[in-house]
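Taking the hints into account, I'd like the entire structure generated from these sequences.
Okay, so the sequence shown: first residue is 129 according to the working numbering, each after it adds one.
Hints should not be assumed to be uniformly reliable.
Claimed, not checked - Listed next, the in silico PhoX-like pairs over lysine-lysine satisfying Cα-Cα at most 25 Å (straight line):
no., residue 1, residue 2
1, Lys204, Lys176
2, Lys204, Lys164
3, Lys180, Lys164
4, Lys176, Lys198
Hints were generated in silico from the structure; no laboratory data involved.
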Amino acid sequence: MTPVAAAAVGGGANKNNSNMGSAAAGQQFGDTTYTKVFVGGLAWETQKDTMKKYFEQFGDILEAVVITDKATGRSKGYGFVSGPPLPRIYPLSGP
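As structure tokens, then:
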């Protein structure tokens with residue numbers, strides 16, 4: 129796996145707790161303390177378990193998802209990792 133880029137996350141700034149949209153009055157949202165980080169430049173053969181294991185070196189990872197083409201099942205070369213906010217994830221490159 130070669131994750132070329134990961135979105136920079138600073139101190140939980142990307143928490144999904146925005147009030148965008150028009151939710152029903154009084155509706156409570158679930159736990160929004162987790163951060164979802166885009167990971168691009170993945171090798172075509174990257175599997176979600178491999179990606180999760182790689183990113184666990186930076187902290188707890190709740191979920192790793194590799195986006196695939198629905199028709200072919202082939203990776204589209206990007207995915208997402210989710211977990212508690214990390215202090216910072218820097219752009220990565222390498223094996």
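Right, here's what the structure says about each hint:
no. : hint            : verdict
1   : Lys204 - Lys176 : holds, 13 Å
2   : Lys204 - Lys164 : holds, 18 Å
3   : Lys180 - Lys164 : holds, 13 Å
4   : Lys176 - Lys198 : holds, 16 Å
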